[in-house]
Every structure is written in C-alpha cells, then in structure tokens.
Amino acid sequence: MRKFNIRKVLDGLTAVSAVASASSTAQQQQAGNRETEIQETLQSEHFQLCKTVRHGFPYQPSALAFDPVQKILAIGTQTGALRLFGRPGVECYCQHESGAAVIQLQFLINEGALVSALADDTLHLWNLRQKRPAILHSLKFNRERITFCHLPFQSKWLYVGTERGNIHIVNVESFTLSGYVIMWNKAIELSSKSHPGPVVHISDNPMDEGKLLIGFESGTVVLWDLKSKKADYRYTHDEAIHSVAWHHEGKQFVCSHSDGTLTIWNVKSPTKPFQTITPHGKQLKDGKKPEPCKPILKVEYKTTRAGEPFIILSGGLSYDTVGRRPCLTVMHGKSTAVLEMDYSIVDFLTLCETPYPNDFQEPYAVVVLLEKDLVLIDLAQNGYPIFENPYPLTIHESPVTCCEYFADCPVDLIPALYSVGARQKRQGYSKKEWPISGGNWGLITQSYPEIIITGHADGSIKFWDASAITLQVLYKLKTAKVFEKSRNKDDRPNTDIVDEDPYAIQIISWCPESRMLCIAGVSAHVIIYRFSKQEVTTEVIPMLEVRLLYEINDVESPDGEQVPPLPTPGTGSNPQSIVPQSHPSTSSSSSDGLRDNVPCLKVKNSPLKQSPGYQIELVIQLVWVSGEPPQQITSLAVNSAYGLVVFGNCNGIAMVDYLQKTVLLNLGTIELYGSNDPYRREPRSPRKSRQPSGAGLCDINEGTVVPEDRCKSPTSAKMSRKLSLPTELKPDLDVKDNSFSRSRSSSVTSIDKESREAISALHFCETFTRKTDTSPSPCLWVGTTLGTVLVIVLNLPPGGEQRLLQPVIVSPSGTILRLKGAILRMAFLDTTGSLVPPAHEPWREHNVPEDKDEKDKSKKRRPVSVSPSSSQEISENQYAVICSEKQAKVISLPSQNCIYKQNITETSFVLRGDIVSLSNSICLACFCANGHIMTFSLPSLRPLLDVYYLPLTNMRIARTFCFTNNGQALYLVSPTEIQRLTYSQETCENLQEMLGELFTPVETPEAPNRGFFKGLFGGGAQSLDREELFGESASGKASRSLAQHIPGPGGIEGVKGAASGVVGELARARLALDERGQKLGELEEKTAAMLYSADSFSKHAHEMMLKYKDKKWYQF
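In terms of the working numbering, the sequence shown opens at residue 81 and continues consecutively.
Incorrect hints may appear among the rest.
[What the hints assert, rightly or not] List time: in silico EDC-like cross-link candidates among lysine to aspartate or glutamate, alpha-carbon distance up to 20 Å:
1. Lys236 <-> Asp288
2. Lys374 <-> Glu451
3. Lys565 <-> Asp576
4. Lys684 <-> Asp576
5. Lys378 <-> Glu297
6. Lys352 <-> Glu297
7. Lys348 <-> Asp312
8. Lys414 <-> Asp458
9. Lys414 <-> Glu442
10. Lys511 <-> Asp458
11. Lys981 <-> Glu120
12. Lys378 <-> Glu451
13. Lys307 <-> Asp1105
14. Lys556 <-> Glu484
15. Lys452 <-> Glu468
16. Lys368 <-> Glu319
17. Lys556 <-> Glu477
18. Lys374 <-> Asp422
19. Lys505 <-> Glu615
20. Lys378 <-> Asp453
21. Lys374 <-> Asp427
22. Lys331 <-> Asp422
23. Lys151 <-> Glu1086
24. Lys236 <-> Glu1083
25. Lys558 <-> Asp538
26. Lys512 <-> Glu442
[Claimed, not checked] Pair ranges (Cβ atoms, derived):
27. Glu564 <-> Arg385: 53 to 61 Å
28. Thr618 <-> Thr121: 45 to 53 Å
29. Tyr399 <-> Lys561: 37 to 45 Å
30. Asp318 <-> Lys266: 20 to 28 Å
31. Asp538 <-> Thr618: 36 to 44 Å
32. Gln355 <-> Arg503: 47 to 55 Å
33. Gly508 <-> Asp318: 53 to 61 Å
34. Arg385 <-> Gln234: 20 to 28 Å
No wet-lab data here; the hints were simulated from the structure. Just so you know, even glycine gets a beta-carbon here, dropped at the ideal spot from N, CA and C.
Make a model of the complete structure from these sequences and hints.
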C-alpha cells in the first residue's frame, strides 16, 4: 500500500501553480485575470471514502440459515462473505477477514446473534443488534476439523462435531470450550474396529434434551445420553449418511443416504429401519431392491396438525436422468412433487410457524439456495408456486459486460421506466406476502433519484432504481431481438467476429434528459433507441452499414459527406434501410474471394412489434472490408439536440445523422490530422497499401493470416468478456498486473504508429473551436489513445422541418491539443467554473402526431444547454477539462492556453475518470489501476483525496468502475454483485442512519402446551440442566491446546477511509484518539449489556416461578 505523503502533495501544489503561472501569463493578460476569480469551495474535508452497500446474489454461496422469529435469512459464501436479508430493502453484507469458506450458519433464535463455522476450523459469534454486524468472539480449533454444528433453541451450548468423529461443546456466551467431550470410540460399539467417519449430523431429541442424536458419515447413528455419558441406542446402516431429521414427537427420525434412499427409524428399534423409501427409484418386479439413485444430500421431516407430514429432500434422482435439471422433491402423503431448478442446489430450509422442535411444525414455505439464485416455494398453495423475489438478485442473469451510474437524474425518469417495466413482469407467482420480513428500513436522508444501467453478454440492458442505497429493477431491454438468431452452431453466419455472445453490450451512452439511448455491441454494431410510452410496429427496421477502414481511399467528396463506397440516400428523411446495390465493391466478396462489405449480424427483415419503452430508431453496423473483420467500437456518444451519434474504433471515426439516417463523417484516425482542408487526399504511400492484416486490435505476429484465423487473435473480439479498454491498444504501458499483460500481448508494435491510434473519447458540446472564435458553436471533441484531442465543427441546419431537409455540414477545425496517455474524459466549464452540460432536447412522445401549435413550438425550439451562469457573452471564456490515463489539463478557451496541469500517476494509469458534481461544486474523480481513488478540484486541479482502495485484480473491475454525482461510485465486485461506495464525507456520516436494522425486538412465541395426560404420565418434553452438565464445575476445563479464543472487534466500526489531503494526518491523529475513546466506551457498553442481559434473565426466571407457584401438580 503506497502511503500518501503530505509533503509531496504540497510539492505537487507548488509545481502545479508554477506550471499554471508560467503557462497562463499570456492568457491572464487576455482574459483580464479572470482565472483568479473562480472561487473553489471543495476542500479535503469534504471527501472520505467508504463502502456503502453491496447488491446482488451472494457469489458462490455455501451455507444458509433462517431465524423463524426475527424472520431474517443469512447466506454464507465460499469466500467468507456473509449476507443477511430481511424485508425487501433491508440487506447487509459482512466479511470474515480470513476469507475461508462458510460451511455452516446457526442463528441464536430471537437473540440478534449468529454463529458461523468456517472451513479454516474457526467459529465466530456475530452481533446482529447493530446496523453493521460485527464479530464478538472467535474460537480457532487447532487439532480438529469442524464438520457440523448444532445449537438447540434457547440454549447457550453449541455442539461442534469434527472430522475425527468427536463432539465438543462451546459456551456461546463466553465462547469457551466445555470440558465435556463425546469421543467417537465411546459413542460407537467397542467391538467395531473401523472409524465411523466424520460427524455429519447432531441434534437433540425434540422431546428430551438429554438425548443427542449423532450421525456419522459411514452410516452409524448413535443416540447419546448426555447425563449418563453413554450410548442408549446405535443404528447401523450400510450406506453413507448425508443428513438426519426428527419427527417432532421424538419417536422417529429419517436418514438420507448416498444410494438415494431414505430410512425411517423408530427410536427404540435400532436393529433395522422401520421403513426404507427410494423416492426416485424404479420399483422392480419380483420384490427386488430398486436401482440405486444419486445421493439424497438433505432431508427435512415436517409435521402438520391437520394432515400428513411433509418430507422434503434434495438430490436422489435416478442415474439414467442424464441432463435433467437439479430437483427438490416434496413428498406429502401419497403425492410426490418434483420441482426442477435452474441451477444446482446448495442448501434448502423449510420455514415453519414455530421455533419449537417439539411442536407440530406447520411448514409454509421452502427456501432453496441455488448456485446462482434464491427461490422460495409456497407449500400452502396447490402446485407449489414460487414467491416473486423482491431482492435485486438477477444482476447476473446474463453476465454483466458494462455499467453506467447516474445520480441526480430528472425526477420523472424512474416513474416512466417503472411504468413500462411493470408490463414485463411474469405471472403465476404465489399470492402471499414475501415471508422473509424481518428488520426495519433506515432513514432516507438522500432524496435525489439514482439510476444504474447494466449491459449484459446476451445483449440485454437493465435499468435499476438505485435511490437511497436500495436497488430495484425498473425495465429490461433486449437489444438482440432486432437481429436474426442462428438456431444452431452450424447455422451461424461465417461473418461472426466473436465465438460466443455476439450481442454483448460494450458501451452505453444515455442522455437522461431526452431519454435517448445508444449502445455499442461487440459485433461492431450500434443501435439508437428512442423512449416511447406507445406500442408501435416497425415495418422496416432502419439500418445503415458503414465501411470504416484504416487505408485511405482516393475519394473526394465535395459536400462534406464522405461515405465511400456506400451510396447516400436522398436528403429527405428516408427511413428505408440502405442496401448497397450497384456499386462495384459492395458485393459480399471482393475479386480475390475475400469477405467484403457484409456486417457481422443480420438485421431482421420482418415487421418488428415494439412494446412501450425503448424503441429502435436506427441500427448501424460496421462491415467487413476485403476479408478484414470490423474492429470493435472503443467510444460512443449521442446528442439529442443535434440528432447525431458518433463512434470510433482503432481504424477511425464515423458520425451519423440519425434523424436523416445518413453517414456524415467516415474518416481513418490519421485523416483527422489532415491539414485544414478536410477533403484533400494524400495519394496512398506504399507503406499504407500493405496487406489488410491488422488495423488495431486484431494484429498477429506473423504478418498476414487467413481471414478465418484472423479473428482469433488474442486481443480481438474473441475476448468478448474482456471488452476493450482504450489502453488495450498500447503496448508500452508499465503494468505490474498479469491480467492486463495478456490483454495487451498481441504484437501491436508491428503495426505502424498511426493505425494503433484508436478513438477513446468523444464529447459533443457548444464551445470555442478555434483560437480566433468570438462565440461558442456546436462541435465534437475527439480524444485518441495517443493523447491527441481534435475538434470537429458541426454546422447544423435550423430546427423543425429544415433539420430533416438540409444536410449537417461537418468539418475539422484544425485545433489539436496533446496530453500524455489515452484520452478518457472531456468536459467544459463556464467563466464561473460551473459545468456546461452538452445540449439536449427535452423528452417528448414521438409516436403521437403533433398538433399545429406544437409544430410551431418545435420549429422555434432551440436545444437546451443550460449553463448555471447567465448566457454567454462574447467576451466570456470557457475552460476545457481533459483527463487522460496519465494526466489532467485545464485549457482556457478560445486562447487554448493550458492554465492548469496535474500529472495524476507516473507508474500506473487511470482506468476511469469522471467530472462530477459534489456539494454544489465540481471535481475530477479518478480510479487508477494501482488501486488508488483520487479527486482533484476544478479548475485548479488541486489534489483533494488520494486513498488506496483496492488493487485491480481483474478486468471486470476495470470495465465496470464508474463515478457519478453527489459522491457516488460503483463497480462489479464479483460476477453477481455490485459494490457501491461513496467518496463524500457527508454521505459517510449519514450512512449509519440510512442503513436498515436487522434486529427488532420481538416476543418469542409461547412454548407448546404439554396437556394434562402428557404431564401426568411424563410424556412431554424433558428439559435438561445443561449448565450442570457442561459447566466448569461439573466437566472441568477443556484442553487449552484444542482451541484458542480470539476476542472480536466487537462492533467498532473502523475508519471508513482516510482523506489524504493536507489535513489528512491531523484527521488521522484525531481519529486514533476517537477510536481509543470509542473502544473504552464500547467496553463499558458491553459490560452494561451483559449486566442487562443477566438482569433480564433473572426477571424472566422470577416471572416463570410466580406463574407456576400456585398451580397444582396436575395443572403443569
């Protein structure tokens, strides 16, 4: 971890100011010292970094538990994570520091505590009575491996079974071992020579706490008498045991075995099972045993007052059901229901009305934890329907390939998306309320709308409401439905450039104000969508094919629309798809038999019914050129006010007028550098007429290759999950991380320098395009991977009908700026230092004909580009903020002087940079590949925050990390989960209030009534004074070397992120003092809590005594 040095920050500041003063002298004279007028309000103390919430399905789940009184669900994972779920909106994420897999979870029912057993043989006691649960105690076993735990209801003694077959007993209050041990050799018959295997089950008889049922893996089950310290009965079976379950009356239990059988045993008949069932075995004639089946991994036996008991099991299918999906089987009376699941079953639990094991269980639902999903089955309704899951657990339904985050959106957006998304909901769910309903919501201190958009490998896009640290899916868009799907692998078009997921989303460009959406996919396709609340049927899907190639053609185009060799449609708004016909080079293969002029995907030619929501405006596809596949798109921008979309890759840039459906610009990257006359063409040099083997990402060491092998290059589109970053095009990056070296390993060095230069950033704006400009005008700023920024001037026709009839004229301005490293982000500030957003049109319904007044209005409608300050006067200047992988610059316009410069990183590179608003001001936020999160003030680029957050361990983080306004950020922390974080001090302080509470005081239900005769003849539940048996006075002390007690942090919430500004060190010293005080305070609180707990226990005992004092013996 790199420590951030205050001296360096100060040096950096002086260096920046020195650069600034040197470079801005001329500018200051021209602008009349205007730079110094901007008051920057953001300081280091406004920033602090902390994780807020984690959403999504727990990655690689391994354990499940439920508190039937608190109604809280807990899930443990293979990476040591713990996720707790209450009512929808109450969720919590915790992490065991060791990262070892969670093998079992046990709630202390209605106590607000949870015990976790880990694969590294540690037990942990979690306190759930605080908003951020913390470990109170840990116990590390040194000589034995933990295999199974059992904590009886309302007991403080936890039974721990081990791999050696022994059972140890832990006091959960002190987290110390009792001296009472059940040794395996005492439990099994002395005549038995073989070891019974690990303990796979422990439970006490529901009617007699003094009898413990112990299941050993080999097939032996022992009923152990805790008082007499000997085995009452031993039940032997020749098949391995996976699980055991009691009937609530304590007279029968059922075992599940590795051969797919269930054996039901009467407690007092140990010689043979009362009944053997093979739920999925084929019954053979002649009374032969059924064929063996797959192991039954778990069984539960639940009783009902009114009817037959339920036997619920997972596994046990016959071996001939190859390819059949995993199943949960529900046996109820004579009926057997087999419920197929989409993924393999990790664990399941039956939810029952009572927490008491000795009462009728009355099961009402089954929670099934699958490898990638959580399913709840309603047992009370016919057909066992599932409950509609209210948690946001479907982020990974198809793998996430990119995401964007928008805080402070227009307020009408979420209701609009929700209303179109509500129609997409499935039917057939259970009518009942979601049964996991514990906890309470936190206070909502943030009132602004937040939206997260995720792009997926199957081409779908999901919009999520992320306001106030919750997450709820609003609307899902399937972009793949515009294309013809190949039915099988042989049927696939040979134009594919990816082996799988040809529709995967790579880039999302969204304008929240106009609701225009534009996506770029992995098959070099771009789709523009318009939002509508009306359903429409599109007869012909509008489409354009663009031939974007690196070699320069000797084509002259006088009118500014350079579209070789595609014919351009008339200037009218012709919605027909543009299909090249007469042009000689537009056949599907060129003269030498190479694939040419064909797109990777085939657009449907039948009418397309489009539901309310996002509807296709235009499909644009890059085509193959002389056997060369189109390169993946590296940048994308859409502007609703101009009606333009622009995209680029490592070959060049293309701009499309989506209103007129025409290509306006189609240039190789090097052509952008041409002299001020944009239409003068250099004759091809011999170097440029080399074989078309590799412009950009797809280059291979051995020069030319057959086209089929061409697209299998290591950095080509085959790595569709590793979607391209701008930096993938550059071999000369000093990256320590191995996962990056692979994605840059193709011999890009063999390509000449120009062809490596990809378009990495695009920004539409209204600003000064040349030094001589006196007023701002619409333009496009283009950033490349070699650190160049070029400006293209846009000459737009007037609005209304003229916009559809007259062409948009596009011309390079000649303005070129340079930075070190690939350009990532650009933005513009006005003379007061406020952000100038790109122009946009307000959203309106397009599928409803306009009346005359509206038409007149739309003629007069000007694009909205609201600068917070007054309208721009001629004398006022602007500032361009440009962030690259290595540095940031603030450039004064129109003079183009660099007034501030900050080298962000020397040894690493910036993965994501965003210009965001925070506390009524703006700043530049950056995430570096070395794991640092940094923020800089604007326009002076003063360092405000530098925190080492997390190392870049994989491409997923790089691809999904994004900052947004109000100090919010997120990334995909695992393939199934989104981690949100904040860099705002204010949000960190309010977080505690915003988090939900897991524990709520609930009264424990009354114990079942024993009834007169049961009391009279001793048939009711027998209680046991466990303290007398397991306490130190009776059982002595446990061996010290067996387990080691580790006190937990006890809920001290550590420093959430240390600001490394100039005041960082002071703040840290203050925090250390606070923490010491907090520890002392918490110790005092803990003592008080223990006293209170003891006090309430004695009160409870006293009440019980009073309750039964005056009762006669037969009333008990």
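Going through the hints against the structure:
Restraint check for Lys236 and Asp288: the C-alpha separation of about 17 Å stays at or below 20 Å, so the hint holds. About 19 Å separates the Cα atoms of Lys374 and Glu451, which keeps this hinted pair within 20 Å; it holds. In summary, the hint linking Lys565 to Asp576 is supported, as the alpha carbons are separated by about 12 Å, within the 20 Å threshold. Taken as a hint, the Lys684 and Asp576 pair is honoured in the structure, with Cα atoms around 16 Å apart against an allowance of 20 Å.
Taken as a hint, the Lys378 and Glu297 pair is honoured in the structure, with Cα atoms around 13 Å apart against an allowance of 20 Å. Restraint check: the Cα-Cα separation between Lys352 and Glu297 comes to about 18 Å, which is no more than 20 Å; the hinted pair holds. The hinted pair formed by Lys348 and Asp312 meets the criterion: a straight-line CA distance of about 9 Å does not exceed 20 Å. With a C-alpha separation of about 19 Å, the suggested pair Lys414 and Asp458 falls inside the 20 Å cut-off, and the hint holds.
Restraint check for Lys414 and Glu442: satisfied, since their Cα atoms lie roughly 18 Å apart, inside the 20 Å limit. Of the pairs offered as hints, the one joining Lys511 and Asp458 holds, with about 9 Å between alpha carbons and a cut-off of 20 Å not exceeded. A C-alpha spacing of about 16 Å is found between Lys981 and Glu120, which places the hinted pair at or below 20 Å, so the restraint holds. Restraint check for Lys378 and Glu451: the C-alpha separation of about 16 Å stays at or below 20 Å, so the hint holds.
Among the hinted pairs, Lys307 with Asp1105 is consistent with the structure: their alpha-carbon atoms are about 10 Å apart, no more than 20 Å. Taken as a hint, the Lys556 and Glu484 pair is honoured in the structure, with Cα atoms around 15 Å apart against an allowance of 20 Å. About 16 Å separates the Cα atoms of Lys452 and Glu468, which keeps this hinted pair within 20 Å; it holds. Restraint check for Lys368 and Glu319: the C-alpha separation of about 18 Å stays at or below 20 Å, so the hint holds.
In summary, the hint linking Lys556 to Glu477 is supported, as the alpha carbons are separated by about 11 Å, within the 20 Å threshold. For the given pair, Lys374 sits about 18 Å from Asp422 by alpha-carbon distance, which is consistent with the 20 Å threshold. Between Lys505 and Glu615 the CA atoms are separated by roughly 17 Å; this keeps the pair inside 20 Å, and the hint holds. Taken as a hint, the Lys378 and Asp453 pair is honoured in the structure, with Cα atoms around 18 Å apart against an allowance of 20 Å.
Taking the CA atoms of Lys374 and Asp427, the gap is about 16 Å. The hint holds against a cut of 20 Å. With a C-alpha separation of about 37 Å, the suggested pair Lys331 and Asp422 falls outside the 20 Å cut-off, and the hint is violated. As the CA atoms of Lys151 and Glu1086 are separated by approximately 17 Å, the hinted pair is consistent with the 20 Å bound. Of the supplied pair hints, the one linking Lys236 and Glu1083 holds, its CA atoms being roughly 18 Å apart against a limit of 20 Å.
For the given pair, Lys558 sits about 8 Å from Asp538 by alpha-carbon distance, which is consistent with the 20 Å threshold. Between Lys512 and Glu442, the direct Cα distance comes to roughly 16 Å. Compliance with the 20 Å bound is thereby established for this hinted pair. In this structure, Glu564 and Arg385 meet the distance hint of 53 to 61 Å, their C-beta atoms being roughly 58 Å apart. Separated by about 49 Å at the C-beta atoms, Thr618 and Thr121 satisfy the suggested range of 45 to 53 Å.
Checked against the hint of 37 to 45 Å, the C-beta distance between Tyr399 and Lys561 comes to roughly 39 Å, which is consistent with it. At about 23 Å, the CB distance of Asp318 to Lys266 agrees with the hint of 20 to 28 Å. Remark: the range hint 36 to 44 Å for Asp538 to Thr618 is contradicted by a beta-carbon distance near 22 Å. The beta-carbon spacing between Gln355 and Arg503, approximately 51 Å, falls within the hinted interval of 47 to 55 Å.
At about 44 Å, the beta-carbon gap between Gly508 and Asp318 misses the expected band of 53 to 61 Å. Between Arg385 and Gln234 the CB atoms are about 23 Å apart, so this pair conforms to the stated range of 20 to 28 Å.
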